[in-house]
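**Student:** Chain by chain, the residues:
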Amino acid sequence: MPQKPSTNYDKIVRTGPGTIAGRYMRSFWQPVARTEDILAGRAKPLRVMSEDFTLYRGESGVPQVLAPTCAHRGTLLSTGWVEGDALRCFYHGWKYGPDGRCIEAPAEREGFCKTVSIRSYPTCEYLGLIFTYLGEGEAPPFPRYRDLEADGIRETSSYRRDCNFFNNLENQCDPVHVAFAHRTSAFTEGGLIGVPQVSAEETDWGLALRAQRPGGGVRVTQFGMPSMIHIKSSPTGPDGNWSDMVAWRVPIDDLCHNSFNIHLHHLTGAAAERYRAPKAAAPSAHRPVAELGAAVRRGDIHIEELKDHPDIVSIQDDVAQLGQGIIADRENEYLGRSDVGIILLRKIWLRELDALAAGKPTKAWHWSTGLDATVGVPVNA
Amino acid sequence: MPQKPSTNYDKIVRTGPGTIAGRYMRSFWQPVARTEDILAGRAKPLRVMSEDFTLYRGESGVPQVLAPTCAHRGTLLSTGWVEGDALRCFYHGWKYGPDGRCIEAPAEREGFCKTVSIRSYPTCEYLGLIFTYLGEGEAPPFPRYRDLEADGIRETSSYRRDCNFFNNLENQCDPVHVAFAHRTSAFTEGGLIGVPQVSAEETDWGLALRAQRPGGGVRVTQFGMPSMIHIKSSPTGPDGNWSDMVAWRVPIDDLCHNSFNIHLHHLTGAAAERYRAPKAAAPSAHRPVAELGAAVRRGDIHIEELKDHPDIVSIQDDVAQLGQGIIADRENEYLGRSDVGIILLRKIWLRELDALAAGKPTKAWHWSTGLDATVGVPVNA
Amino acid sequence: MPQKPSTNYDKIVRTGPGTIAGRYMRSFWQPVARTEDILAGRAKPLRVMSEDFTLYRGESGVPQVLAPTCAHRGTLLSTGWVEGDALRCFYHGWKYGPDGRCIEAPAEREGFCKTVSIRSYPTCEYLGLIFTYLGEGEAPPFPRYRDLEADGIRETSSYRRDCNFFNNLENQCDPVHVAFAHRTSAFTEGGLIGVPQVSAEETDWGLALRAQRPGGGVRVTQFGMPSMIHIKSSPTGPDGNWSDMVAWRVPIDDLCHNSFNIHLHHLTGAAAERYRAPKAAAPSAHRPVAELGAAVRRGDIHIEELKDHPDIVSIQDDVAQLGQGIIADRENEYLGRSDVGIILLRKIWLRELDALAAGKPTKAWHWSTGLDATVGVPVNA
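Chains as they are written, first to last, in the numbering used here: chain G, 1 to 381; chain B, 382 to 762; chain L, 763 to 1143.
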């Protein structure tokens, strides 16, 4: 009998200030930018979970996150000047330290600035990403992922997808979609892989999704609460071996989200050189993923016509995730046995949100087993 | 004394699900695409009267209309694969027949798919257009227009106009606007035609609009309920004789509509060849109608500057119809004797809507007199 | 102690029909277009304070302002034809005189048109701008600015800024922002000028803002109620002497406004020739101000990278004014002694609005002292 869909879905997808899912997401360190997104001495506006912030990198190189606007007359602080590790407002020159305290208010009387401060947020740069703690109270210890610090080639990337972040999370807990949405892609080397049998169980880190292929191969994907994923990527190239991809999905607002991704290729020495060589080639002349996804959803292009696009997997996910609606209607679903991952994900999320709302302790997740808990499976296995 | 404007206008212009005008419009077969809009083996999303649908054409060539999304997780079905005359969902491969029954759910247990179905809609392809019945209950017999099946050159076309469909219907019941809005056009051969005296009467098909020109010529235009028009187009070219244009105006939503048009040129043999020859010329380099209409409404261009545009009549109608507002304010009108067609159109529409709302029979319209009931009049008559 | 911010700000920023600030602004003649914006024999739509109008210039050359749409069926009058000093509707040819009376309704019985009229607005063309009185009752006498009629080169210009007009008015009453927002500009010749001490007092015309620079120089700027500014512009070029700039900020709606500017250069004879010469050079290839302002606010460009843009001052003001929000949040400000101009401006505005709401007389402002009440100060003084 098909499972009854969640009737609490709206509680999960809203992460703005004052929402329960927003409080839960804010209780974790979240990546908000890539290292290369912000140069020393520069500032940028950020939008995370329907809230605005200022990101800047001091002249010393340390990134900082502050409130979005000056306490004085509400001007966007990111348009100002970085001076040392402080930030001066564009409008009247009020100057703030990394801790948010105002240290200069040039046209005011002496001592005035001491009465002024804005909110600042703990910030940490790690493995090519800038993380921030946007929650209440003391920040929890920053969680390191020691396996990802290993020797090899580490690539960071990000993309923006114009739908609610939970469409993406559920997509990750759904191994069956690979056989259809990605049937024409490097995931499957152009052939329809067998439809797997799916099982899911709760782990110390979140969920383990197990997909058993008809031929006997088993793929296990780890989902990390609240919004992470770890997958093994199929070997490619002459020195190909399995690489590891870890990603965080972070709401920009309820209608779109960013994904911040770290791809670790276990290649060193000559193999690393060989991997890097082709990357120096000419930049892509392909149309952007979001534009092509929209053309597919409008019916102007069929997905099969894009099979040679280097980002075909992203386009396929864009089509599937936005094709459900920016915020999906989950009241009219019809779930089956293959949706056990999605059902478990919602159950865990709702359990944690209810605990948080009731003032009870939430589960302390940790990446206990590291890279080894995730298992790839060759396409033809 | 000027007529009091309708105070029931809002009832007429809203055609979304659950509205009374929407129920009325859905009780008729409506065109939703041109034949060439959908290739065999392809699918497209449709939006008609604020509702979404999937249009696809089976590999056999037969067009089908289904619900917009998969019953499983709500993904847009039009992004999937046509297989024979069935449609497979892009996300997890659920497959639906033309009757909307699910015939495969690959990752589920056997028999599961039999518990699943989505709505399908009767569909009919006729004279280069695809018609669908979107209403409740059994579809009425499909109405043929036998005169339009005659030998000759039949051209189908369509356009989208970004205002409520009723702005367009009222424009059709208003012969006076030709003398002004179209004063510079092929309709009038560049000269101000005389302002006609207008009368209107109800017919078996809808309304007959009679415009008597000062010089004695009489033009009669037939309006077909609920939203059709038949006009005679002035002779053009060496073999010119009167051609017949029939059009359906179909809401996309309350803020825009499509027009699907059939133009029948009564030309055969050598005359048909001569008509077709110039059409092989280079494609138009002219800016699109909607873009130029917007420029005229902004005041950047005066309509007279566009008098050589091949679609000048469409631009003029775009300017007049959108210039009244996307949904016009009819409470502040000031109608006169020349508005009898509009007044009668609203009266008939409201009578039918009231009957439908009260559960009483509505009038059974039929195209009794065919092409002959419509009369053109040469410009200088 | 910092001043408590205004809690009545919403009353000030809303100028649509029926608002108290709208009534106040409409009690003054307001510029709505530049002379060159409308040719003889042409019409344009206008939007002023969230209301629509038709602007046209009769064949005699006199500009007129009428209601936006025809009384008949609500079509945009600006798409019609100017005939003499009258305007004929595009849709059915109803013709209106400059006083708004309908003088022809071609398809109606004789005498019908005498029962029809639309609203017309007193209009006056002066110093290269078209002014209109949009308020209730009799228009007040048109206020001339005789000093601006002097010999010299008079340039008129306008710009649209996509924020509430009051962001701009407050910016004008704030001499401190010049030292920061405009630190890299012709205002300051690229150097940080000293931060001034500010004082403000009410005058016959509005407010006098006095900024005393550290080196002893004093700059006095005059603000004219309800929304004018007069500033002295620094000398530039070989014959450079102080020029005078007077501007009116006029809401388009609550989210954007126009500025209409008159720049009077006191140059005649050979000096005027020399001033005009370089203006004949090639047109600017620079990106538009609004586009660059948006790029700075997004963090894609830092303002310092644009220091050679000829409109750098406008870009800086765009960044500062829109960076506070389209309609700024004034409840969370933190004002200091340097904000006395802003505080006084709000106090006067609220006093006048309260008087108007209570049916009491408002203050009769007049430009008593002309150009001499405004004082420039060389950068290095």
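The reader is advised that the hints may include incorrect statements.
[To be verified] Heads up, simulated EDC-like pairs for lysine to aspartate or glutamate below, C-alpha to C-alpha not over 16 Å straight-line:
id: 1; chain 1: G; residue 1: K95; chain 2: G; residue 2: E110
id: 2; chain 1: L; residue 1: K994; chain 2: L; residue 2: E917
id: 3; chain 1: L; residue 1: K806; chain 2: B; residue 2: E685
id: 4; chain 1: G; residue 1: K44; chain 2: L; residue 2: E1067
Keep in mind that the hints were calculated from the coordinates and are not lab data.
**Student:** Each of the hints needs a verdict: does it hold here or not?
**Tutor:** For each hint, the structure was consulted:
As the CA atoms of K95 of chain G and E110 of chain G are separated by approximately 14 Å, the hinted pair is consistent with the 16 Å bound. Of the supplied pair hints, the one linking K994 of chain L and E917 of chain L holds, its CA atoms being roughly 15 Å apart against a limit of 16 Å. Pair hint K806 of chain L plus E685 of chain B holds up; C-alpha atoms about 14 Å apart against a cutoff of 16 Å. About 15 Å separates the Cα atoms of K44 of chain G and E1067 of chain L, which keeps this hinted pair within 16 Å; it holds.
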